[in-house]
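Protein chains: 4
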Amino acid sequence: MSHTIRDGEKLLARVRRLKGQMDAVERALVAEKPCGEVLQLLASIRGALSGLTGEVMEAHLHEHVVHAESEAERAAAAEELAAVLRTYIR
Amino acid sequence: MSHTIRDGEKLLARVRRLKGQMDAVERALVAEKPCGEVLQLLASIRGALSGLTGEVMEAHLHEHVVHAESEAERAAAAEELAAVLRTYIR
Amino acid sequence: MSHTIRDGEKLLARVRRLKGQMDAVERALVAEKPCGEVLQLLASIRGALSGLTGEVMEAHLHEHVVHAESEAERAAAAEELAAVLRTYIR
Amino acid sequence: MSHTIRDGEKLLARVRRLKGQMDAVERALVAEKPCGEVLQLLASIRGALSGLTGEVMEAHLHEHVVHAESEAERAAAAEELAAVLRTYIR
Chain V
0 MSHTIRDGEK LLARVRRLKG QMDAVERALV AEKPCGEVLQ LLASIRGALS
50 GLTGEVMEAH LHEHVVHAES EAERAAAAEE LAAVLRTYIR
Chain F
0 MSHTIRDGEK LLARVRRLKG QMDAVERALV AEKPCGEVLQ LLASIRGALS
50 GLTGEVMEAH LHEHVVHAES EAERAAAAEE LAAVLRTYIR
Chain H
0 MSHTIRDGEK LLARVRRLKG QMDAVERALV AEKPCGEVLQ LLASIRGALS
50 GLTGEVMEAH LHEHVVHAES EAERAAAAEE LAAVLRTYIR
Chain A
0 MSHTIRDGEK LLARVRRLKG QMDAVERALV AEKPCGEVLQ LLASIRGALS
50 GLTGEVMEAH LHEHVVHAES EAERAAAAEE LAAVLRTYIR
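Protein chains in written order, with numbering that gives the first Met the number 0: chain V, 0 to 89; chain F, 0 to 89; chain H, 0 to 89; chain A, 0 to 89.
To be clear, the hints were calculated from the coordinates, so they are not data collected in a lab.
Don't take every hint at face value.
[To be verified] In silico DSS-like pairs for lysine-lysine, Cα to Cα no more than 27 Å straight-line: (1) A:Lys18 with A:Lys32; (2) H:Lys32 with F:Lys32; (3) H:Lys9 with F:Lys32; (4) V:Lys18 with A:Lys9.
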């Protein structure tokens, strides 16, 4: 990630929010909260995680594929993206 | 899709197989087959559809982003890919 | 699927619409339409397929799990649902 | 979640592992590690989160739908499950 510092700060803020959401799941399990509540928390984490992942993928596509410093870097970055896509699109 | 004829044939064969799988769902519903069976058929269609989609995405990334004919084409193709990704990664 | 005829008709109508969408992908590939267009068609098929699948899952949960005719049927139907869920939630 | 203590411990262990994986993403961002590495970490978190979610869903289906204490509890628990499914199957 050689992106601008500002983007990095936004991504970090998202990761920290995700950690907070995970803490909420932990507390819900410890307090033996209803399953339905735990499932809602997990669904919102999935949404937040997907949002973060989509953002990193787009940043990667933009910085390392579209604006690669060499054709070799471009091909390698595209292959990295394709490898990750295979784990999502299935 | 300006890809080689051979790739096109493979993709078409996949689409035709998918249509055959959809016909099987239609027959299962008409014959009032058990839900569990219908759900299995739908799950295998999702798998086949994802396989096809992944293949088209990778072909697009390779042909129109990595090997674009101009920087303008590259940026446009990357934006198309990003738009589609947003509908999958969520 | 021992559900009411009316639900069956609605599901069949959805399956036939999906087949129509698949035909559109086939035509787009034959006509060598742009990748981006093919990807859009595939994304809309995924949405429609998911909608149909969600509907069949809910019908199954309602008819065969909640309103099962016996505890044995209930346990079997729940296991079928769990098996299908494992292929989606991953 | 009124499940057995042992299941609760296993779920908590999974949540704590997920938090550790999230810490690894945070460290990778702070250290400006390559995008590809961050994307791999995020993909493995998605896998772990899905595994956990599937487990909670199955526990919910088994405890609160199949082995509900009343028909009212069963219907309510099935509706909770259906609501969560709608956010996943789309």
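* **27 Å Cα cutoff - pair H:Lys32, F:Lys32** => Roughly 38 Å separates the two Cα atoms, so the pair is violated.
* Regarding the pair A:Lys18 and A:Lys32, is the alpha-carbon distance no greater than 27 Å? -> holds (19 Å)
* With a cut-off of 27 Å on the C-alpha distance, tell me whether H:Lys9 and F:Lys32 pass. => Holds, at roughly 16 Å.
* Does V:Lys18 pair with A:Lys9 here, judged by a C-alpha cut-off of 27 Å? -> Holds, at roughly 19 Å.
Checked against the numbered hints given earlier, this structure breaks only hint 2.
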